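Chemist: Got chain D sorted already, so can you dock chain U onto it with the hints?
2 protein chains.
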Amino acid sequence: MTERFTVTYHVRGDAASIEARAQAIAVEQSVEMPLAAIDEPAILSEIVGKVEAINDLGNGTFSVRIGLALATVGDDPGQLLNMLFGNTSLHDDVILRDAVIPERLRAHSGGAPELRRRLGVPRRAFTGSALKPQGLAPDRLADLAERFARGGLDFIKDDHGLADQAYSPFATRVPLIAEAVARGARSTGVATRYIPSLTGDLDQLRAQATIARNCGLDCMMVAPMVTGFSSVRALTRAFPEVVFFAHPSMGGAARIAPELLIGRLFPALGCGAVIFPTYGGRFGYSPATCRELATNARPALAVPAGGIALDRVSELLDFYGSDTMLLIGGSLLLARDRVTEASAAFADAVMRYGVSEHGC
Amino acid sequence: MTERFTVTYHVRGDAASIEARAQAIAVEQSVEMPLAAIDEPAILSEIVGKVEAINDLGNGTFSVRIGLALATVGDDPGQLLNMLFGNTSLHDDVILRDAVIPERLRAHSGGAPELRRRLGVPRRAFTGSALKPQGLAPDRLADLAERFARGGLDFIKDDHGLADQAYSPFATRVPLIAEAVARGARSTGVATRYIPSLTGDLDQLRAQATIARNCGLDCMMVAPMVTGFSSVRALTRAFPEVVFFAHPSMGGAARIAPELLIGRLFPALGCGAVIFPTYGGRFGYSPATCRELATNARPALAVPAGGIALDRVSELLDFYGSDTMLLIGGSLLLARDRVTEASAAFADAVMRYGVSEHGC
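Residue numbers (the numbering used here), protein chains in the order written: chain D, 1 to 360; chain U, 1001 to 1360.
Bound conformation, chain D alone (with noise of 0.2 Å):
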C-alpha cells in the first residue's frame, strides 16, 4: 500500500465541471501527462495523485483534498513544495489551502518553550523590534541596538532588508551589533538577543551563520521563500543548537494560504518562529487567518508584526496569547532620541500585561 498525505485546495469553478477539475489537479502535482498513456498498473495505482474528497464552499469555490503519494516526494522540502503546488500555482483558480506534512518531511525545533529556557522568560510574552533603516553604516545600528537592548526588549533583529550591502557588511555589522546589544543587556539584565538575517546562496548562508556563531548568537533569521526550502533545511541542520526565525519575504507571490505556508511549512523546515503580518496592521491578513497560523505554528514562536502600535499590547495578547513575541519596529523608531524609553514602556507594558490580567 502506498503511503499518501492529504493536500486541500481551493478551486474556482462550477459543480459541473468540479470533478474534472479536481482529477486534472491530481494528475498535475504527480505524473502530469495523460493516464491513458500509462501502462503500469502500479504508477495509476500508488504514483498518481487521488481526489479523496470535493466540499462545495459557496461563492463558487470548492475544497478539493487530494492524496499525494508520499513516495513523489522523497526527503527534499523543495521536492515537497514541487509537488504541492509547482505547475498548479501557474493556474489563477486554484489556491493551496492546506497539507498534512509528512512526518519525514518535518523537521523539529524547540521553538516556544526552546527560548523561554534560554531567555529565562518563564510564562509572558516576548518582545522585539527591527533595526532600520538599511543605508545606516555598522556602528549606526550598533548604536540603535544598544538603544533598544536598553529599554529591556527580549529580541533585536535585523531588517529584513539588511543584507551583505556595501554600506553594511555582515561580516563588520554582525560582530558590532552582537556586542552592543551584549553591552545593552547586561545594563538591564534582561538576556537580549540579537537575530542577525542570513541572506545568500547555501555556502554564504553557513558562512554568515558561523560569523554570527562565532559571536555567540544562537537566533537567526532567514526568509524562505526567497532562500529556497532545501537550503534552509540545509541550514537548520547544519546548525541545530540556533533557533531560526522565518520571515514571510515573498509568501504572497504563489497563492498559498499564509496558515499553511508560514504556519506549517517554515516550521517543518527546522524553523523555531515564524514572523508574520498580523491583522490590523499595514497587511491585510484577517484574524480567523492569524489565529490558524499562530496555532498551526506552535511549538514554533508566533512573532506578529507589520505596523504594531504601542497602545495594541493588550488586545494583541488577549488574542494571540503569551507564547507570542510581538514584533514593534517603526512604532518604536518614531520616538527617535527616546527609543531607549519608548523601549522600556514596550517590554514594561508585556510584563505588567502578565501580573495584572493574569496574575503570573
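These are computed hints drawn from the structure, not numbers from a lab. A quick note: this is a predicted structure, and the numbers were derived from the prediction, not measured. Don't take every hint at face value.
Some chain U residues judged to face chain D by a derived CB distance under 7 Å, without partners named [as the list claims (entries may be wrong)]: (1) Pro1034; (2) Ile1038; (3) Asp1076; (4) Gly1078; (5) Gly1135; (6) Gln1165; (7) Gly1200; (8) Thr1227; (9) Met1250; (10) Gly1281; (11) Phe1283; (12) Ser1286; (13) Gly1330; (14) Leu1334.
We put the CB at the ideal spot given by N, CA and C, even for glycine.
Modeler: Leaving out everything else, chain U in the frame of chain D:
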C-alpha cells in the same frame, strides 16, 4: 548620485489614494519604516524608494513606477527578489509587473545561439519531449528516452517531478538515460541532448550537476522559484559550460507577471533557456503574455510547453519564430508503443516547416 533601477507595479486602487499607496510601496520596498523616524538626509535622498510615475490604466488599476536604489540590492539575486517584491508580495492589491534588471546582477548565457552551435542546428526551431511518468524505474525511463531519441528529437528532458526519489535515484537514473539517449542519437545523427532536472539544496545541486557533467551532459534543468535565486546563480556560475533550462514550477503567475519572472529574471540568473506554459494549452497565459515573455528572454531559448498537441507545430512556429524549442510531452506519450514514430513525425514537422514555408 545614487544609482537607481526602475520597477513597475500594477496596483488596484482609486485616483484619490494612489499617490499615497505608491509612496507606501516605495517605502515598504526600501527602508520599511516611517520616514519621519529617519534622521539621516542621505538615507532619505539615496536609499528610500522614489515614485517616478503613476499612470491610470483604467478599470481601477494604476501602473506605478518606482526607482529603487541599486545599493540596497548589492550583488545577490535573492536580495534583488526581496527588494523587488518581498513584503509587497503580501499585499494582494499589487502585481510586480516589470523591472529593469541592473546590469551587474545579470548573468549572461549563450542562450539560443550557443544551443544552435552545439547541436549544429543553424536555423530551424528545436524539438523536445519529457520523460514521464515519475514512478518508472531508471531502466524504463532510459528505454523511453532512447525511443524518443530514435525519433530524432533535439532535447529530452526529465519531467520536473523527477527529483531524487527512491524509485529513480538521480545517481542511477541519469547515467542510464544519458547512455540510452547517446545510443538513440547515434542511430539518427541528431545531436540529441538529455536534460536532467537538478533538485535539492546547493550541495545536492552541485553533486548532481557533477554526476551529469561526468556523463558528458551539457544541458540541465532547474526550477528557480523552488531552488531559490541565490543558489541558482551559484550553480550557473559554478558550471559555466552548462546551458541551464529554467522550469516555471512555483512561478505563481497571478502576482509576478510571467513576462518579468520567466522572461527577465530567470535568464538574469544565467539560465540559457526558459520553459513556460504556452497560450492554448492547459494553462491560462495569453498570446500577448507569451510573446512578451519570449521576447524578453532573448537570447535565452524560448521553450513553450504545457499541453501542446502535434498539430499545432506550424501555428506555434508562426507565432514564436524559430529561436524556440517546442516541448511536447503527453501528446507523444499517448502514442505508447509508437512513441519513436510520433517523435519522428514531430521532428519532421519542425524540419518541414523550415523548408516549405521559409526556404531554409
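Chemist: Please go over all the hints and tell whether each is borne out by the structure.
Modeler: Now the hints, each set against the structure:
no., hint, in the structure
1, Pro1034, "holds, 5 Å"
2, Ile1038, "holds, 6 Å"
3, Asp1076, "holds, 5 Å"
4, Gly1078, "holds, 5 Å"
5, Gly1135, "holds, 4 Å"
6, Gln1165, "holds, 4 Å"
7, Gly1200, "holds, 5 Å"
8, Thr1227, "holds, 5 Å"
9, Met1250, "holds, 5 Å"
10, Gly1281, "violated, 11 Å"
11, Phe1283, "holds, 5 Å"
12, Ser1286, "violated, 12 Å"
13, Gly1330, "holds, 4 Å"
14, Leu1334, "holds, 5 Å"
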